[in-house]
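Chains as they are written, first to last, in my numbering: chain A, 414 to 810; chain B, 935 to 1312.
Watch out, some of these pointers could steer you wrong.
To be verified - Reference excerpt, derived from the structure (chain A facing chain B, CB under 7 angstroms, subset only): (1) G415; (2) K417; (3) D468; (4) W479; (5) V487; (6) P490; (7) G497; (8) T503; (9) T539; (10) A540; (11) S613; (12) Q616; (13) N662; (14) N665.
Claimed, not checked - The list that follows gives simulated cross-link-like pairs (lysine-lysine, BS3-like), each with its CA atoms no further than 30 angstroms apart: (15) K567(A) - K730(A); (16) K417(A) - K1150(B); (17) K1199(B) - K457(A).
Hint data in this document are derived by calculation from the structure and do not stem from the laboratory. Backbone N, C-alpha and C fix where the C-beta goes; we use that ideal spot for every residue, glycine too.
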Amino acid sequence: MGKKTAIVGFGQTYQRSSRKDVNGVELINEAVRAALDDAQLSIKDIDAVVIGNMDHFEGINYVDMWSVEGSGGVMKPVFKVTTGGTTGTTVAMCGYYHVASGMFDRVLAIGWEKNSESDTTGAIITAFHPVWERPNIGGAIAGLAVEASLYMNKYGVTERDGARVAVRERLHGLNNPYTHLHQDWMKGMESEQLVNLLVSSEQNKVLAWPLRMSDMCPRTDGAAAVIFASEDVAEKISPRPAWVASTHNRHNYVYLGDIDWADNDTLAAASSAVFRDAGIKEPLKEVDVCELYLPYSYAGLKWMESMGFCGPGEGPKLVWDGVTDMDGELPVNPSGGVMCSNPIGATGLIRVGEAALQIMGRAGDRQVKRNVNFAMATGFGGCNWSDVMLLGGKKPS
Amino acid sequence: MERIALVGVGQTGFERRKTDTYEELVFEAAGKALSDAGARIGDIENIITVSNDFWDGRTISSMAIQDAAGSWGRDISTVEGDGTFGILYGMMRILSGSFNTTLVVCHSKGSEGEMNLITNAMFDPLFQRSLGIDAVSSAALQARAYMDLSGAREEDFALVSVKNHGNALNNPMSQLAMELTVENVMASRKVADPLKLLDCSPISDGAAAVVLANRKGLSRFKKDPVWIKGVGHCADSYSLGYRDLARPRALNNAAEKAYAMAGIKKPLKEIDAAEIYDAFSYMEPLWYEGLGFSAEGKGVELLRDGATSMGGAIPVNPSGGVISAHAVLVAGMVRVIEAVLQVRGEAGKRQVKGAKTALAHGINGPCGQAHCVYVVGS
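Here chain A stands alone, though its shape is the one from the complex (with noise of 0.2 angstroms):
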């Protein structure tokens, strides 16, 4: 069997729509340097990196051998992993498994990206097969339009549900300093001010039926890093590590037929499974906060159902009585999620590393206000692809 493995350290760079103080190289040193000054660690205990990214966008081939000098692996085993939107969470379990393999004990992995040095939609399609769906297949906001509209023709869910989302996401925004999207002007307003605001205002512009400019993640420059470590050295370095409790995927989706829009199954076969592992049968009252790739509203309703947060059709209710704010019987994304900042390849890395602050309770204005036995974070890409991560406080039996 292998080694139980914790996150004992996490860093991330301040997250922009374009860093241009840094090149990427750079970018993934800041990252790298935070998550090591988080640890207390040097380079030098660093036993093996991890790091991924989407190639297209920044158009580098090799990125794994390209930033060795950026990411520290210079003379140490260096490795890539991608999965498209899932890459964070992605390089977060291939980090997971080197330490739990019983080969590596400090294990650093890197997720990063820098939009503002690509055509993200051109990239995007291109994810597509080239004869079938490139012709008819936007980038990432068309296919997300079609999904939340088939939901919201299935429950009744209206335009304001999905602005209730983005309006909690953007909140919880304000207390992240190292995310994109401060919306400053939010502060102090109401939820059902906002929403009735973004609802209507004209400078919300639709961008796909029913997607509003708020509905949507931005594109974002940043980097982030996670430190794992073995049960042989974890809580010599951390204090109150955040462990692994299980982590799972899916990644079913080939072509656009295949899948089932109206639910996302990868995220409920994967949500399962860890809590499966986990022994969580009652997921809304035994995890205690979530860091959820959402990359647009209504996924903030629909998902919550598929992960069985509640029943289907429920998720608007469980947003509106304010389960999912800072206060509620389960926050979700503290740091303001994906929502307020989406460097893709880092995004489900930083989802991983919120989720273990939150357990290490270092998450500063945005720590939730209780004890955190278990942290959940997720990781979307592909089309309708998922991977889970379950981090709990307690070293798994």
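Put chain B on the given structure of chain A with help from the hints.
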């Protein structure tokens, strides 16, 4: 550490241009690996795919082959790098205790891309790309640096081409099986001085797959396992100027780790056959040195002595090597597959008699920036 077995291996034939799609290539290789193991996809608990978005011309290149790899409803991940690294990740996932079996698949179609542009994109976008540098021209710099260090001549490198293309005559999967002489190699078209056409590996299409299992997982399969006895990987600096191109220290490091794990002290004596990443002829003697088969600067002596020919002390690339078929990423996995076939005694006409322990080697990045070394045995 628990030992992991290679229990099924499969590869497509390699050709300059295949009409099969990526999905079809992966389906063929995965099916061959499964049937080799005596397994069905239901015996597999998780999947690793290996692909590269640049070579495939597709963002999230692994999306195209998910169904062909049998990933539906299973845990899955994607390594972007040489196939040897994909096998390593598949191994780690079993060692973690989460899974008992892994299928690792790998595909590449050089015919659908532009090698020059794709490998040019490995280099610094501001200072180097506009020079036109690519995999071939950077390799030429390395070849020259190695000649300076070792005193090796172009004729010495030609011996690799003669030996490996000749070995490929015994391998039905290979792309370039040829009976050559040193004169043929020397007379071939100059590509990037000192490299000539017959010093360079071809552009190839193909796929490969392996099935991995721990002892518990092995009970599902019919085939006798070949064990991974040692593995190591390591990366050197990125900028060519920061590296000593003639001294592959990352390979030294990776090999030392693999040997330590496998308990190998004298590789030349204890290893019966080796499959190493000879993307260009000069790389083979250079990697001999990195692998500790010879002292620094002395790799070519093994060639001149015939020590690495079939029937020599340590036959290298009995399959014909990468210089005879080079589906990028796949080629490293094929080295492992060929090593497995040698240990099994199933390598047909390319079999090294009595091989019990074999070495496989893959590289990543320009001029072998990173290396992954396996020692496998019965």
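Are there hints from earlier that the structure breaks, and if so, what are their numbers? When the structure is compared with the hints, numbers 2, 11, 12 turn out to be violated.
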